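Novice: These protein sequence lines are chains A and B, in that order.
Heads up, the final residue of the first sequence is numbered 164 in this note's numbering, and it's a clean run with no missing numbers.
Heads up, the final residue of the second sequence is numbered 111 in this note's numbering, and it's a clean run with no missing numbers.
What the hints contain is simulated information worked out from the structure, not anything from laboratory work.
Accuracy of the hints is not assured; some may be wrong.
[What the hints assert, rightly or not] Examples of chain A residues toward chain B, derived with CB under 10 Å:
#: 1; residue: D9
#: 2; residue: P11
#: 3; residue: V24
#: 4; residue: L28
#: 5; residue: P41
#: 6; residue: S47
#: 7; residue: P105
#: 8; residue: E128
#: 9; residue: T132
[What the hints assert, rightly or not] Straight-line distance between alpha carbons at most 27 Å, and here's what the computed DSS-like set of lysine-lysine pairs gives:
#: 10; chain 1: A; residue 1: K26; chain 2: B; residue 2: K67
#: 11; chain 1: B; residue 1: K2; chain 2: B; residue 2: K67
#: 12; chain 1: A; residue 1: K26; chain 2: B; residue 2: K2
#: 13; chain 1: B; residue 1: K30; chain 2: B; residue 2: K2
#: 14; chain 1: B; residue 1: K30; chain 2: B; residue 2: K67
Predicted model, so just to flag it, every value in this text is computed and none were measured.
Each residue gets a CB set at the ideal place from its N, CA and C atoms; glycine is no exception.
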Amino acid sequence: MLHERKAVDPPLLDLSIPSDFHSVRKALQQTVETLEDLRLPVDLIASAQIVLAEALNNVVEHAYRDTAGTIRLCIFQTEGGVLCQIEDLGYPMPGGKMPEGLTVPDLSVPDLPEGGFGWYLSHTLSRELAYTRCGDRNLLSILLSAEQSPPKATTVAKNGKVPR
Amino acid sequence: MKLVTHPSEDTLIVRAAEDRIDAAVAIQFKDQMREIVQAPSARVILDLSQVVFLDSSGLGAVVAVMKLLGPDRRLELAGLTPTVEKVFRLTRMDTVFTIHRDAPATLRHVG
């Protein structure tokens, strides 16, 4: 089970993030920097930033909707990618479960949806995604695999950066 | 957030002079764009070439802007960077907007 996975090595990153969008932004920037320094595949890093943005923003918007709190983000390296664990002490997810987000919002309707994309992106990009509640703690585990986004021989990001 | 406008004939070009359109600024972006697009123009091109990251809030805000324009005006996007392009592609939003690969030439000489 994803939650029971014990990391043998220390985390690549262990952050305590105040529950506001600007702090989430800083944490994401720090995460990208750390993963880039490790020369992880560019596409894996993109997926990580997208999924973590959704997960962390959800904690700010929902779990800590009428309180302030701290969000803990730990990222571990795995054989094929990274394992991210997000912990908070806010409200549980509705019904004690993650939204399924298995289908992309319908774009054929005249009144285009402005929401509902977050969970779809998370489910699509994660190899595994699991939520559990333990006492008063929410724990979301995200496994991202480089295999979903195979590394290219030379990758130059549009900003001209080449992973070192 | 910083949005630079450049009217050009029947096209209004808006360059997002920000690195990120995310939950922290999505509402601001929408509010500012609501003001900007009051200027009449059949086409609005949103230059996102400086934006390296956009989350689902940012995506929703871009959709909201398109809806603000109404059925007779078009919102086009230009210069999507890799992660932003990925978000539009995965959500199939790349089928909803006209997307130009490069930023509009008229803005390249503006400092």
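Novice: Each hint needs a verdict: does it hold in this structure or not?
Specialist: To see whether the hints hold, each was checked on the structure:
Interface hint at A/D9: violated, since its Cβ lies 27 Å from the closest Cβ of chain B, which is beyond the 10 Å cut-off. Restraint check, A/P11 versus chain B: the minimum CB separation of about 23 Å is more than 10 Å; hint violated. Proximity of A/V24 to chain B holds as hinted, the smallest CB-CB distance being about 7 Å (cut-off 10 Å). Checking A/L28 against chain B: minimum C-beta separation of about 7 Å stays under 10 Å; hint holds.
Proximity of A/P41 to chain B is violated relative to the hint, the smallest CB-CB distance being about 12 Å (cut-off 10 Å). The criterion of a C-beta within 10 Å of any C-beta in chain B is met by A/S47, whose closest approach is roughly 8 Å, and the hint holds. Proximity of A/P105 to chain B holds as hinted, the smallest CB-CB distance being about 7 Å (cut-off 10 Å). With 10 Å as the threshold, the beta carbon of A/E128 stays out of range of chain B, its nearest partner Cβ sitting at about 18 Å, so the hint is violated.
With a cut of 10 Å, the hint placing A/T132 at the interface with chain B is violated, because the nearest CB-to-CB distance is about 23 Å. Of the supplied pair hints, the one linking A/K26 and B/K67 is violated, its CA atoms being roughly 31 Å apart against a limit of 27 Å. Taken as a hint, the B/K2 and B/K67 pair is honoured in the structure, with Cα atoms around 21 Å apart against an allowance of 27 Å. Simply put, A/K26 and B/K2 have alpha-carbon atoms about 19 Å apart, close enough for the 27 Å limit, and the pair holds.
Under the criterion of a C-alpha separation no larger than 27 Å, the hint pairing B/K30 with B/K2 is consistent with the structure, at around 12 Å. A threshold of 27 Å between alpha carbons decides the hint, and for B/K30 with B/K67 the separation of about 11 Å falls inside it, so the pair holds.
Of the numbered hints stated above, those contradicted by the structure are hints 1, 2, 5, 8, 9, 10, listed in ascending order.
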